[in-house]
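Colleague: Work the whole structure out from these sequences, hints included.
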Amino acid sequence: MYIVIVGAGNVGYHLAKAVLSKGHEVLLIDRDAATLERIEDELGSIGLNGDGCEANVLEEAGTARADLFVAVTDQDADNLVACQIAKHRFKVPRTVARMSDLKNEPLFKKLGVDVTVSSTILILQYIETQTSKPRLLTRLAVLRGSEREMVDVRIPPTAAVVGKKIRDISLPQNSLIILLIRQDERIQLPTSTTTLEAGDRVVVVGDRSSEEGLHQALTGS
Amino acid sequence: MKVLIMGCSRVGAHLASLLETDGHEVTVLDVDPSGFGKLSHTFRGNALLGDGTDEDSLRRAGIEQMDAFVALTEADNTNIMAAQIAKSVFNVAKVVCRVYDPTREELYRELGLDTVCPTALIAASVKKRL
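Read top to bottom, the protein sequences are chains A and B. Be aware that the first sequence starts at 1, since it is given in the working numbering, and climbs by one per residue. Be aware that the second sequence starts at 1001, since it is given in the working numbering, and climbs by one per residue.
Since the hints were derived computationally from the structure, they do not count as laboratory data. Using N, Cα and C, we set each Cβ at its ideal position, and we do this for glycine too. Be careful, since some hints might not be right.
[What the hints assert, rightly or not] If you anchor each label on the Cβ, the simulated ranges turn out as follows:
id : chain 1 : residue 1 : chain 2 : residue 2 : range
1  : B       : P1033     : A       : N10       : 51 to 57 angstroms
2  : A       : R144      : B       : A1123     : 51 to 57 angstroms
3  : B       : Y1100     : A       : H88       : 15 to 21 angstroms
4  : B       : A1124     : A       : V142      : 51 to 57 angstroms
5  : B       : A1124     : A       : V117      : 38 to 44 angstroms
6  : A       : I178      : B       : Y1100     : 58 to 64 angstroms
7  : B       : A1124     : A       : E37       : 36 to 42 angstroms
8  : B       : N1046     : A       : S119      : 53 to 59 angstroms
9  : B       : S1125     : A       : K17       : 44 to 50 angstroms
10 : A       : H88       : B       : F1043     : 34 to 40 angstroms
Modeller: Below, the structure written as structure tokens:
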């Protein structure tokens, strides 16, 4: 794969090094010649000195034949513009922008950046998983081309459905329990007369929009 | 008309004066307060500190009530990003954006931004006098 990377800071350098070792062709663009020289001493001639937001620099970089374009400078605006030029002028199929201000995510998506990456968001998500109650519902898959998903739900001992038969449980519309895994890991095909027990796990197919309702119906006390 | 000008450069300050003379209500936004010294001493509008590529700063500057937004910082990419936010997030009716790099200007014009390229304007104007 041919990958063009704009920004030879820490992220750009380590990324270039990693994708090179995986056998990809890489070009690293940066405005600072000295930085590029240091990197080229180590990694070979993979650098191009110039502004990654200028069309003629991207032209020289052979951006038109790039499979992937990655902008990882520390300026959100520069990453956005570089990706837009790669996308619209050079028709690069996939563009990736690094983003510091997490508010920019919907904007970047709307303006044509295919993928946004933000360490702020990653760390924030980690903090949220550490501080919120463990979720009993895990999404297993989003069914291709539809608004349906498959989820795994753990039935806590406090749930109102414990001891009830499946036919007596009211689930959101279009939801179907397709598999039951007992606490001792036995797998059962549920029927309308199967009784749910504490510690059971059920696999459910349902509408993505009613995920919260499903969570409440199966785990609520 | 209510106009928000991002970037209190010489052009920004001068535009603010022109618009006020014509009776428009002008707000100027800049990350650096030193630019506000360029405003005319008769300037009656608001001069606010803030980053025009930040949605919260734009909201505080009242972008939701603006009829027009003008991006005039010295940095092309900052102007381009701010103008796209004004247009696609806040639906400001009239958005104008300064872009020094002629090829970048051409691309964003094709993408639907209302752009002004001083480089091209000055070159054309000088050429005409030669």
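Colleague: So, for every hint listed, does it hold in this structure?
Modeller: Tested hints:
no. : hint                                 : result
1   : B/P1033 - A/N10: 51 to 57 angstroms  : violated, 32 angstroms
2   : A/R144 - B/A1123: 51 to 57 angstroms : holds, 53 angstroms
3   : B/Y1100 - A/H88: 15 to 21 angstroms  : holds, 19 angstroms
4   : B/A1124 - A/V142: 51 to 57 angstroms : holds, 54 angstroms
5   : B/A1124 - A/V117: 38 to 44 angstroms : holds, 41 angstroms
6   : A/I178 - B/Y1100: 58 to 64 angstroms : holds, 60 angstroms
7   : B/A1124 - A/E37: 36 to 42 angstroms  : holds, 38 angstroms
8   : B/N1046 - A/S119: 53 to 59 angstroms : violated, 35 angstroms
9   : B/S1125 - A/K17: 44 to 50 angstroms  : holds, 48 angstroms
10  : A/H88 - B/F1043: 34 to 40 angstroms  : holds, 38 angstroms
Checked against the numbered hints given earlier, the structure breaks hints 1 and 8 and satisfies all the rest.
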